[in-house]
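Undergrad: Chains R and Z supply the protein sequences, listed in that same order.
If you want my numbering, it's the position in the first sequence, counting the first as 1, plus 378.
If you want my numbering, it's the position in the second sequence, counting the first as 1, plus 471.
Be aware that one or more of the hints could be misleading.
[Unchecked claim] To give an idea of the chain R side of the interface with chain Z (calculated C-beta under 10 Å), a few residues:
| hint | residue |
| --- | --- |
| 1 | C423 |
| 2 | E429 |
| 3 | R461 |
Hints are computed from structural coordinates only; laboratory data are not their basis.
The C-beta atom is built at its ideal place from N, Cα and C for all residues, glycine as well.
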Amino acid sequence: MINLTIDGIKTTVPEGSTILEAAAGIGIDIPTLCYHPDQTVTANCRICVCEVEGNHLLQPACSQPVSEGMNVKTRSPRVIEARRTILELILSHHPQDCLTCIRNKNCELQDLAEEYLIRDLPFEAKTRGLEKDTSTPSLFRDNDKCILCRRCIEACNVIQTVGALGIEKRGHESMVVPTLGGTLADSPCVMCGQCVHACPVGAIGEVENIDKLLAAIADPDKIVVTQIAPAVRLALGEEIGMETGALDMEVFVAGLRQVGFDYVLHTNFTADLTIMEEGSELLQRLAEGGTLPMFTSCSPGWVVFCETFFPDLLDHLSSCKSPQQMFGALVKTYWAEKMEIDPSRIVSVSIMPCIAKKFEAQRPEMNASGYRDVDIVLTTREVGKLLRMTGLDFGQLAPAKFDSWMGSYTGAGVIFGATGGVMEAALRTVYEIVTKRELENLNFEFARGFDGIKHAEIDLDGTVVKVAIAHSLAHARTLMEQVRAGECPYHFIEVMACPGGCIGGGGQPYTKANAKRIERIKAIYLEDEKMALRKSHDNPEVKILYEEFLHEPLGHKSHELLHTHYKAKPKKAL
Amino acid sequence: MAVEMRIALRNYGKIDPNQIEDYISRGGYEALKKALTMDRAELIDQVKKSNLRGRGGASFNCGQKWSFAYNVEADQKYVICNADEGEPGTYKDRLIMKNDPHTLIEGMAIAAYAVGATEGIIYLRGEYPQLTGLLRQAVDQAETKELLGNFKLSVHVGAGAYVCGEETALIESLEGKRGEPRFKPPYPPVSGFWGKPTIVNNVETLAVIPEIVLKGADWFSSIGDPEFPGTKILTLSGDVKNRDFFEVPTNVTLREVVFELGGGMRGDKKLKAIQVGGTSGTFIPESQLDTTIGCTKMSVIGATLGSGAVFVLDESRDLVDVNLQITKFFEHESCGKCTPCREGTMRMRELVEKVNSGQGEASDLDLITKLARVMSTASLCGLGQTATAPVTSTLRHFSAEYAAKLKE
Chain R
379 MINLTIDGIK TTVPEGSTIL EAAAGIGIDI PTLCYHPDQT VTANCRICVC EVEGNHLLQP
439 ACSQPVSEGM NVKTRSPRVI EARRTILELI LSHHPQDCLT CIRNKNCELQ DLAEEYLIRD
499 LPFEAKTRGL EKDTSTPSLF RDNDKCILCR RCIEACNVIQ TVGALGIEKR GHESMVVPTL
559 GGTLADSPCV MCGQCVHACP VGAIGEVENI DKLLAAIADP DKIVVTQIAP AVRLALGEEI
619 GMETGALDME VFVAGLRQVG FDYVLHTNFT ADLTIMEEGS ELLQRLAEGG TLPMFTSCSP
679 GWVVFCETFF PDLLDHLSSC KSPQQMFGAL VKTYWAEKME IDPSRIVSVS IMPCIAKKFE
739 AQRPEMNASG YRDVDIVLTT REVGKLLRMT GLDFGQLAPA KFDSWMGSYT GAGVIFGATG
799 GVMEAALRTV YEIVTKRELE NLNFEFARGF DGIKHAEIDL DGTVVKVAIA HSLAHARTLM
859 EQVRAGECPY HFIEVMACPG GCIGGGGQPY TKANAKRIER IKAIYLEDEK MALRKSHDNP
919 EVKILYEEFL HEPLGHKSHE LLHTHYKAKP KKAL
Chain Z
472 MAVEMRIALR NYGKIDPNQI EDYISRGGYE ALKKALTMDR AELIDQVKKS NLRGRGGASF
532 NCGQKWSFAY NVEADQKYVI CNADEGEPGT YKDRLIMKND PHTLIEGMAI AAYAVGATEG
592 IIYLRGEYPQ LTGLLRQAVD QAETKELLGN FKLSVHVGAG AYVCGEETAL IESLEGKRGE
652 PRFKPPYPPV SGFWGKPTIV NNVETLAVIP EIVLKGADWF SSIGDPEFPG TKILTLSGDV
712 KNRDFFEVPT NVTLREVVFE LGGGMRGDKK LKAIQVGGTS GTFIPESQLD TTIGCTKMSV
772 IGATLGSGAV FVLDESRDLV DVNLQITKFF EHESCGKCTP CREGTMRMRE LVEKVNSGQG
832 EASDLDLITK LARVMSTASL CGLGQTATAP VTSTLRHFSA EYAAKLKE
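Modelling step: build the complete structure from the supplied sequences, incorporating the hints.
TA: Pasting the structure below:
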């Protein structure tokens, strides 16, 4: 253990601790910008510098290890001057448009500017004059706002192993750019949006579709129907001042009606449907010697990742569309028939924890209904903004029910939002279909938790199925490389592109630390426990859908509406 | 009267650098043979006792650096020669490599044996392509003669970035990454190239190692300034008569350097200032020229010896304008990794440009001073930490020149 003094307070911390960690332990908050709790330390922004007795250089708290007898000052006049000057340097080379910025009131730089009372900029205010990259339907980059902390680069290159971002040029001309300096669309970007969470400012964000939604609501000829993805509810509360998981689903439904949605349905419904189709596909592949392992295909960033980096292994992806796209194909066919609504009047909106879903909805093949299956994709963050715009007090709002035919769901659909959830939901159903026995314990503990790769062997009355679960693309890549090398022992693998699964999706409330993702995962399993129905094949509306419309999993209509194919994606930069 | 004493340049003009036999005939590789018979700890102790301090600019005790790497257990260690001589006005390393490549190789082989490294790399400045062949030939010759044992030595050519002279940026560059410094600690002797213990020594430092091994620590430590013993190669440029190089004991004064070795001022003008140590060196006024060049003596007057470049300016020179050129250099060479240097070098150029063009106000000088204070203490590496020394030192000693240019 190491004894040191910080701002006159004596403390003892383990050897190898940094000043930042030691200070946090005694309640001293040192500002950071490039520091990220789940990334390697780079010490490049220098905002965390402190004075260490005996050293004329200021030391960055994030990287400087403590030593015996060290005497640290975290807010001496020299330190304050350095931090304020660093902020002045950043701000005077940064656009002055906070009021209209996507990160207004949710920006680490803005917070620090206020904390350190930056009022006048002593240096001439200017920007680098870089063009905004709007080449993808999911993400934009506003490079003028970049403060070069490089957190996005680690998110993209290390956590996701996509390698779409790098640094070009040097000095004050240096900038984060897509690989080889082209646009994001030309880069290997899979649009997972983890860079958005990593970015402390508004240099990367989702392409917002709120204006499109408001126009549809304002159009009297349109019927606006929405679906809500499993991971949205528990995180949405964070956007409107509630604890994670505290927003009641039916209060959320009531809020959406206040916003002006005509019908509120649920993606959990098609999550249950996905289990019916994907579970059946797995059993078919096992029985008929199909391509194994089969990978799940509900995470659109993961699908693009396969199409980009593993075009030779696309047969391993389940042919099932994602729950969003299954929903889109059904809402303008089955549901429109049920409701006797002209599908051309339906504006199909999805509320997603995901940024890649915006891209997925625009894939040319996603028009099985004869129309664009999903017209508008909103992220959890965008819906948070809409709800705030209503001015409602959600504590006082009377709950409201989902609309019929595609609004019911089970706990199996709910857990789709967490890493391992699709696997667990699939096993609940596959087990009962194969063994024709009821599961005693619905909880598959191996599938839960934050480990990068989880695996198990499941005995289905003599047939042993080997399964694995990966979240974040670095871990997915590990498994894919095993498959490519012919060394992958598994039959069925769930992959979610984002750390923690959809609860950590690129469209969720800004999430700096994995600790928040773990909190959301807890909330999702609590919701599952509370559900009366927890197995997808028990969903009453899914049963009706099969009886009246689809007839059987993997049947003719299913193939037409619910299944798809994949195409190798040529990327200029690869 | 100041006289030259050649240790690093002992073979200059006396051998054909293409012939290893020439080097051997003047006692070359005897030091390596002797070192290999010595206990490694004892060898390091000798280097420590000689008080040889790094000639690259930071003046760290060489033997101490070696002992850090020696004390770390590792399956692989490296010795790297920093030959990325990018400091403007400096060409001492080029002189050594061009005229006596084997003294460098011998010095590296001794260092490798001392710390337990089996692999060495010479990181050669990209602008020295003419030396690549000569160095590789010398390595081949030493290997053919089986002088290097299991020590594998290679030459890596840099790509022209000034910051790669900073040892951790150099290591990043060697690993194939952007040439950007790492934060320290850990220091390279503990975790360097590929995360392994790595000694990075300057060419001039390594070139004197064979002589220290042969003649002993006491011999070396008795030369020049006891706090910074030995000799130093100085390269003179600017308004001095002899724009030449000199290897001198470290107790020579700056005045002797300029007026005796350098032969005084060109055109018999008066001296205004000298800048010592390269572009990041401080400007020293005539009144402080009686300082000797050893790093501790220099630090008393707020200066450094640095690379040993001596840039002489006469009374006709406009120091604000000279500083504008210097700020442009650092604006261009900042790697962009840390905020104070990336943004600060650009702002410093802007502010000096404003003053130089007659648009500056007194508050701009205050801002320059504040910015320099922050850059010099909060930047990640030596580049940002020292980039402001020319401006601050001229503001200290020649403030009237800045004041004269301010707007009414």
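Undergrad: Going by Cβ atoms only, is R/C423 closer than 10 Å to chain Z?
TA: Holds, about 5 Å.
Undergrad: Under 10 Å, Cβ to Cβ, is where R/E429 needs to be relative to chain Z, so tell me if that hint holds or is violated.
TA: R/E429 check passes; min Cβ-Cβ to chain Z is 9 Å, inside 10 Å.
Undergrad: Holds or violated: the hint that R/R461 contacts chain Z, with Cβ atoms closer than 10 Å.
TA: holds (9 Å)
Violated hints for the displayed structure: none, as all numbered hints are satisfied.
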